[in-house]
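Chemist: Below are the chains, spelled out letter by letter.
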Amino acid sequence: MGSSQPREEDVRAYPRLLPAGDSGILIELGSEIDPVINSRIIALAEFIETAEIAAVIELVPTYRSLLVSYNPLETGYDEMLGLLNETLDRADYSALDSATQTIVELPVVYGGEDGPDLENVAEYAGISIQEVIDIHSGTDYPVYGLGFSPGFPYLGGLDKRIAMPRLKTPRVRVPAGSVAIAESQTGVYPNASPGGWQLIGRTATPIFDVNKPSPSLVTAGDRVRFVQVQSHA
Amino acid sequence: MLESGNNTIRIIQPGPLTLVQDQGRTGFQKLGVSVSGAIDFDALNIGNRLVGNDPNAAGLEALLGGLEIEFSKQTVFAITGADIDADLDGVPVSTNISYTAHAGSHLVLGMVNEGLRAYVAVAGGLNNSSVLGSRATHIASKIGGVDGRQLAEGDVLSLGDPAPDGLSGMVFADDEFSSTVQNLTIRIILGPQDDEFSKTGIDTLLGSTYSVTDQSNRQGLRLDGPEIESKTGRYDIVSDPVVNGSVQVPGDGKPIILLADRQTTGGYAKIATVASVDLPKLGQASPGATISFTAISVTEAQQLLIDRNERFAAAELGNVVNQIAMRIEGEEISVGVTGNTAVHLAKINDAVYPVSIDEYTPAE
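For the record, the sequence lines run as chains A and B. Numbered as in numbering that gives the first Met the number 0, the first sequence ends at 232 without a single skipped number. Numbered as in numbering that gives the first Met the number 0, the second sequence ends at 363 without a single skipped number.
Among these hints, one or two may not hold up.
The calculated lysine to any residue pairs, modelled on SDA-like cross-linking and capped at a C-alpha distance of 20 Å, are [what the hints assert, rightly or not]:
#1 K211/A x T25/B
#2 K211/A x G147/B
#3 K253/B x R233/B
#4 K141/B x V209/A
Which chain B residues face chain A? A few, computed with CB under 8 Å, are given here [claimed, not checked]:
#5 K29
#6 G31
#7 I142
#8 P191
#9 D239
#10 P240
#11 V242
#12 G244
#13 Q262
#14 V273
#15 S275
#16 V297
#17 A300
#18 I305
Calculated directly from the structure, the hints in this document are not laboratory data. Treat the numbers as computed from the prediction; the structure is a model and nothing was measured. Here a beta-carbon is modelled for each residue, glycine too, at the ideal position from N, C-alpha and C.
Whole structure, please, built from the sequences with the hints as guidance.
Modeler: Listed below in structure tokens is the structure:
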């Protein structure tokens with residue numbers, strides 16, 4: 000997912016329900032990466048699931064928008080808009096409570112072969128390597144959504160002191176478990192894949208396995224806590 | 000008729016890119032799992048119908064053709080999609096007709112004449128283990144099909160049990176459903192982020208002809224043509240979900256139509272979305288194909304889809320062999336000729352095979 004640079008003031012009225020073709024409706028609750036907006040997106044996905052609208056095929060929550068994918072042979076556009084608007088009208092976000100969020104701990108070996116960009120990040124930030132590690136592992140990160148590749152969690156709230164742009168030339172192959180940062184985000188590559196984020200460490204904990212009933216260790220709305228370890232168990 | 004035991008096909012030549020595909024892996028996009036599936040899903044659907052399969056059965060998607068397979072047992076199959084020459088043990092076979100292959104038969108697909116992807120459906124469907132509810136191959140994430148990769152020489156694929164009423168010699172003749180046209184008019188629904196673009200930008204999209212570049216693949220069609228102007232000069236948005244047929248516009252102003260293997264989210268503004276009924280055609284658009292866009296409403300697009308589904312359901316399979324019938328040594332034999340007169344068929348005890356018929360020249 001992407002850019003977090005500031006835009007012109009957003010004067011649009013939210014929520015916006017927009018057509019994503021003839022089989023999807025996109026619900027936007029804002030235009031920016033924002034923890035409150037994101038937690039509402041995730042809650043809204045739950046509300047829609049609870050509403051059990053028969054035509055809904057799947058829901059895809061991202062930072063500030065939710066895709067409702069539906070079967071138009073079952074329910075047409077206008078009727079879907081009506082059903083979703085009803086759900087939005089009933090949505091009560093006051094019960095959102097971070098205390099109920101699942102915290103997933105991931106042990107990370109920082110630097111060295113596991114995090115080849117850690118030194119560059121420290122240099123870019125003008126602080127020591129250990130300070131980068133302490134800052135990175137000192138926060139619980141909300142999972143804003145999963146995307147890019149199966150199980151890849153977009154984690155928000157990275158400390159600005161260690162924010163750093165993506166590599167100019169993406170790597171052809173990033174090892175599985177790599178913990179990485181890009182701009183104000185951090186994330187974990189579940190499987191080996193190409194990638195342009197700065198690699199600062201690696202976890203040996205598998206975070207995505209298609210053979211498990213719940214393939215992804217983390218899902219949108221969870222929080223991830225990185226714990227520094229000296230070697231992979 | 001079928002012998003017992005495991006029915007398989009073996010890949011003798013894989014061609015440039017042959018994949019196991021079905022109608023895709025839905026339900027896991029929130030975990031970042033791409034939908035994937037046949038790009039010309041109508042073609043696979045027709046193939047499955049011709050061989051008596053469930054619509055979601057897995058078949059082979061052969062980019063450009065070039066595929067050779069061997070059947071272990073007598074098997075009903077059909078080729079659909081691209082316009083392609085093919086033969087069974089050296090005898091020509093047509094697309095959109097189901098045939099019976101003998102045990103040990105070799106099916107050879109040439110390179111496509113027009114279009115991009117040929118589909119081979121086999122009775123019973125490919126029976127690879129399903130991953131997250133689908134057999135579709137997604138190469139980028141190494142999921143589905145055979146180890147999440149393209150098929151290679153020597154791969155052996157097991158088949159499921161064929162439907163008892165799956166016949167050979169059936170033809171699907173409604174050409175509304177299998178198009179290899181290379182100058183396309185594609186119907187789109189503006190949005191979700193059309194308000195990121197200027198009126199000039201939208202007029203450019205709707206008033207220009209774009210061409211498909213060779214940078215296109217199963218993830219998307221990269222188009223070349225006039226640049227589409229955004230309101231602010233920026234094209235990136237906070238990444239959000241994309242769908243099959245999302246028309247996104249990156250910084251160079253040239254649209255990309257996302258297809259089956261797209262990632263689940265994207266960071267470029269999406270000016271429009273292709274109407275579902277026009278998606279299969281995009282799977283047959285070769286580099287150099289031209290595309291112009293027409294905007295329609297969501298309701299219109301949904302009505303088109305409803306009409307098309309009804310038309311598909313109502314389309315009857317024809318029987319291609321009904322011309323001459325005779326009895327030879329106790330076997331019921333009939334011979335037929337398809338619309339393409341180069342291809343002949345013989346029906347022997349309910350199974351239809353391609354046959355060679357030497358040209359008959361009357362004596363003086």
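Chemist: Taking each numbered hint in turn, which are not upheld by the structure, reported in ascending numerical order?
Modeler: none
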